[in-house]
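Trainee: Make a model of the complete structure from these sequences and hints.
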Amino acid sequence: MRAADEQDYLDFATARVGALYRSASLLTTGDPHLAEDLVQETLGRMYVHWRHVSVADNPAAYAHTVLVRVFLSHRRRRSSAEQPTGALPEGVATEEDATLRLTLLDALARLGPRDRAVLVLRYWEDRSVEETARALRSSAGAVRTQSSRALGRLRSILGDSLPDLTRS
Amino acid sequence: MSFEDRFAQSLRDTGEELTPHDLTRIVNGGVADGRRRRRRRNAAVVGGSAALALVAVGAAVVPSLTGAAQPREAVGPAARPSMSLAASGAPVSANTRAQQMVTTLESLLPKDGRITDAVGRWVLPDSGTHPMTAPLASLVYDDGKGASSIELALARYPKGDAQLPTCGDPAYVPNDVCHVYQLPGGGRLLIDQGYEYPSRGSGTKDWHAVLDLPDGSHVEMDEWNAAAEKGSGVTRATPPLSPEQLRAIVTSKAWQPLLAAVPKPKPYSKLG
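Chains as they are written, first to last, in this note's numbering: chain A, 24 to 191; chain B, 7 to 278.
Errors might be hidden in some of the hints.
As the list claims (entries may be wrong) - FRET-style restraints, in silico, Cβ to Cβ:
(1) A:Asp149 x B:Glu250: 46 to 56 Å
(2) A:Asp149 x B:Asp118: 52 to 62 Å
(3) B:Cys184 x A:Gly182: 50 to 60 Å
(4) B:Val240 x A:Thr122: 30 to 40 Å
(5) B:Cys173 x A:Asp149: 35 to 45 Å
(6) B:Gln188 x A:Arg74: 25 to 35 Å
(7) B:Asp175 x A:Ala38: 12 to 22 Å
(8) A:Gly164 x B:Thr172: 48 to 58 Å
(9) B:Thr30 x A:Ala26: 18 to 28 Å
(10) B:Lys117 x A:Ala83: 48 to 58 Å
Quick caveat, the hints were computed from the structure, so don't treat them as lab data.
Remember, it's a predicted structure, so these values are computed and weren't measured experimentally.
The beta-carbon is built from N, C-alpha and C at its ideal position, and this holds for glycine as well.
Mentor: So this is what it looks like as structure tokens:
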């Protein structure tokens with residue numbers, strides 16, 4: 024990579040790494056090591072294709088798509104089921120925040136990786152159904168079905184434990 | 007507020023809290039990962055090549071390069087510029103070459119191990135214009151102390167155009183132990199004891215050796231302390247072969263006939 028391209032890439036990676044890490048943390052339900060691995064691999068893939076990626080419409084969105092695909096292929100490669108790490112996400116927060124975080128991450132951890140990917144793309148990254156479908160190489164109909172089914176599962180796991188901000 | 011809205015809000019609150027301690031480390035790890043990918047791609051896949059041969063070879067195949075293969079021999083730099091192919095002159099099929107990749111690698115590994123998942127590949131230049139080729143041998147080796155994935159790739163670069171191997175910038179690979187050796191006759195050998203995910207300095211280790219000779223011959227080998235490159239658990243503390251063993255394998259004369267069988271690429275400057 025030429026020096027100018029590399030600087031360009033480093034600027035991009037530095038600007039996006041935080042957001043990628045947060046997405047990865049949600050996908051891995053708070054496993055900091057795996058989240059870091061996924062982001063590193065995502066940035067590595069972006070590096071290899073940077074000359075093409077850098078002129079694309081939205082390199083940032085592309086990076087998140089790559090991340091989700093890396094996550095899903097990582098899940099496929101790992102033949103064993105979910106590996107609970109017991110590791111808590113890092114960072115300091117209020118007790119109430121910490122409880123909410125654990126509850127939500129616990130609940131997400133009980134979903135399959137693809138369900139989780141759909142929810143993270145739709146509700147964390149605010150992607151449209153169509154964009155989510157493209158990222159997952161799926162159809163809009165399948166994404167809608169998967170999304171509502173995953174939300175239903177979460178609802179049965181979480182019950183009323185999510186705060187209703189309109190009431191506070 | 008619907009459950010959907012509460013979930014979306016909670017997800018945002020949760021996500022915002024998840025911040026790593028050291029973002030720079032991850033970026034550097036990403037750059038190192040990308041450079042390694044690029045290095046492998048350069049010595050690897052020629053997209054869409056019709057000459058691709060992918061052959062799974064059982065460990066029982068008899069080595070067919072016995073004339074050249076000296077198991078466990080620690081020899082000097084391989085591949086003199088003027089080596090020639092087998093005396094018969096008969097064309098050798100890609101499948102045979104792919105098998106030879108595997109049997110040659112097997113013949114150079116310590117004999118007390120078990121070999122599984124052996125795959126050979128022989129890719130030839132695309133229409134004679136692609137300067138890179140990627141003959142490859144890949145297998146899982148277990149010396150009784152844990153399975154380890156091992157790969158070795160060959161390439162021929164235009165004479166004088168090969169990128170000389172250099173160790174990564176410590177900013178990107180702070181945990182690697184890496185050395186480059188100047189060999190008699192002008193060859194360069196890199197031995198890098200690093201990690202699959204460079205920023206972490208723990209987890210799967212990827213040790214690799216790269217040999218470049220003045221005539222453009224390129225031999226590259228990786229070994230991991232896991233049965234697969236990524237996504238499988240670590241099976242042992244370190245990969246099974248020492249740096250000295252890596253050196254002996256990539257510099258072995260056993261690769262000479264195969265390197266000689268890789269057509270010489272045209273210099274980059276004369277392409278297109």
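Trainee: Take a look at whether the Cβ-Cβ distance between cysteine 173 (chain B) and aspartate 149 (chain A) falls inside 35 to 45 Å.
Mentor: Holds, at about 42 Å.
Trainee: Mind checking the hinted window 52 to 62 Å against the Cβ distance between aspartate 149 (chain A) and aspartate 118 (chain B)?
Mentor: 57 Å, holds
Trainee: Between threonine 30 (chain B) and alanine 26 (chain A), does the C-beta distance stay in 18 to 28 Å?
Mentor: 19 Å, holds
Trainee: Taking 30 to 40 Å as the hint, is the beta-carbon distance of valine 240 (chain B) and threonine 122 (chain A) inside that range?
Mentor: Holds, since valine 240 (chain B) and threonine 122 (chain A) (Cβ atoms, about 34 Å apart) stay within the stated range.
Trainee: Just to be sure I understand the hint, the distance between the Cβ atoms of aspartate 175 (chain B) and alanine 38 (chain A) should be within 12 to 22 Å; is that true here?
Mentor: 21 Å, holds
Trainee: Is the hinted range of 25 to 35 Å satisfied by the C-beta distance from glutamine 188 (chain B) to arginine 74 (chain A)?
Mentor: 33 Å, holds
Trainee: Can you let me know if the beta-carbon spacing of glycine 164 (chain A) and threonine 172 (chain B) is within 48 to 58 Å?
Mentor: 51 Å, holds
Trainee: Is it true that the C-beta distance of lysine 117 (chain B) to alanine 83 (chain A) lies inside 48 to 58 Å, as the hint says?
Mentor: 52 Å, holds
Trainee: Taking 50 to 60 Å as the stated bounds, is the beta-carbon spacing between cysteine 184 (chain B) and glycine 182 (chain A) within them?
Mentor: 54 Å, holds
Trainee: Between aspartate 149 (chain A) and glutamate 250 (chain B), is the Cβ distance one that fits in 46 to 56 Å?
Mentor: 54 Å, holds
Comparing the model with each numbered hint stated earlier shows that all of them hold.
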